[in-house]
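*Asks:* Residue numbers (our numbering), protein chains in the order written: chain A, 1 to 64; chain B, 65 to 213.
To be clear, the hints were calculated from the coordinates, so they are not data collected in a lab. The beta carbon of each residue, even a glycine, is placed where N, CA and C say it ideally should be. Do not rely on the hints blindly, as some may be mistaken.
Which residues of chain A face chain B? A few of them, derived with a C-beta cut under 8 Å, are [stated by the list, open to error]:
(1) L40
(2) D45
(3) S58
In case you want the letters, here they are:
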Amino acid sequence: MLKDFAKRIGYDDPLEIYLSKLEALILCDYAISKRAIALLLLQEDKDILALIKDKEKSCGNMSR
Amino acid sequence: MFNNLTGSYATVSNYPGTTVEVSRGKGKIGSEEYEIIDTPGMYSLSPITEEEKVTREILLQENPCAILHIVDAKNLERMLALTLQLQEAGLPVILVLNIMDEAESSGISIDIARLEKELNIAVAATVSTTGEGMDILRGKIEAHVKRFC
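Take the sequences, apply the hints, and build the full model.
*Replies:* This is how it looks when you write it as C-alpha cells:
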C-alpha cells in the first residue's frame, strides 16, 4: 500500500544525500515509508530511534 | 464527523499507558462495516504533545486502511503540510475539508477536483454538523477501500 500513496517531496542537498544514506541502512518494513523514518531520524526523534533499534535486529541489521 | 460515521455507539478509553482518550466505533460504509478510530488532532508527524504521540503511535501500529485527515477548510493552507507529510510517509490518506460552510461564508472557494489532481488523493468537502457532503465522503471512502484495501 505504501507505494500507492508515497509522494516524493524533494529537499536540497546535503539533506537528500543523508536521507538516501539513512534509507539504505533501514532493512525492515514499517507502517510508514523508509524515507519518512529517515526524516524523523534526522530530527532526532527518540521514539522512532527506539522503534528501529528494536526492530532492525529482527531484520538482521545488527551493526547499527 | 466521528459520530456521523459511526452513529451514536462508541467506546472511549485511554490509550494504554497514557491519559489520552481515543474513541472507537463501528461504521457502515457501503455494504461493509469498519472500525473507525477517532484520534486526537495532530499537526505534524513529529509529535510535541502526548496526544500527538498517541496519534502517531496509532498510525504506526494499527495499519489503517484509510486515514481521514480532517481539516478546517478555512485554514487549508496551514493544514496541507501534514497532508503532504502523511503522503510522504506513504499513508493512505483522504483529505476532508470540513466546516466548508464557514469557509464559503468567508469568501473562500476551493476547487476540489483540482486539489484531488494536484495531491493525487481523494478530497471531500463536508459540513459534519449538518451532514452536508457526508454521502460524497462515504462514496470516496468506499472507492478508496475497494481500490487499496
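*Asks:* Hints first: check each against the structure and report whether it holds.
*Replies:* Hints versus structure:
Restraint check, A:L40 versus chain B: the minimum CB separation of about 7 Å is within 8 Å; hint holds. A cut of 8 Å between beta carbons decides the hint on A:D45: the least distance to chain B is about 6 Å, and the hint holds. The interface hint given for A:S58 is violated, since its Cβ lies 16 Å from the closest Cβ of chain B, which is over the 8 Å cut-off.
Hint compliance for this structure: hint 3 alone is broken.
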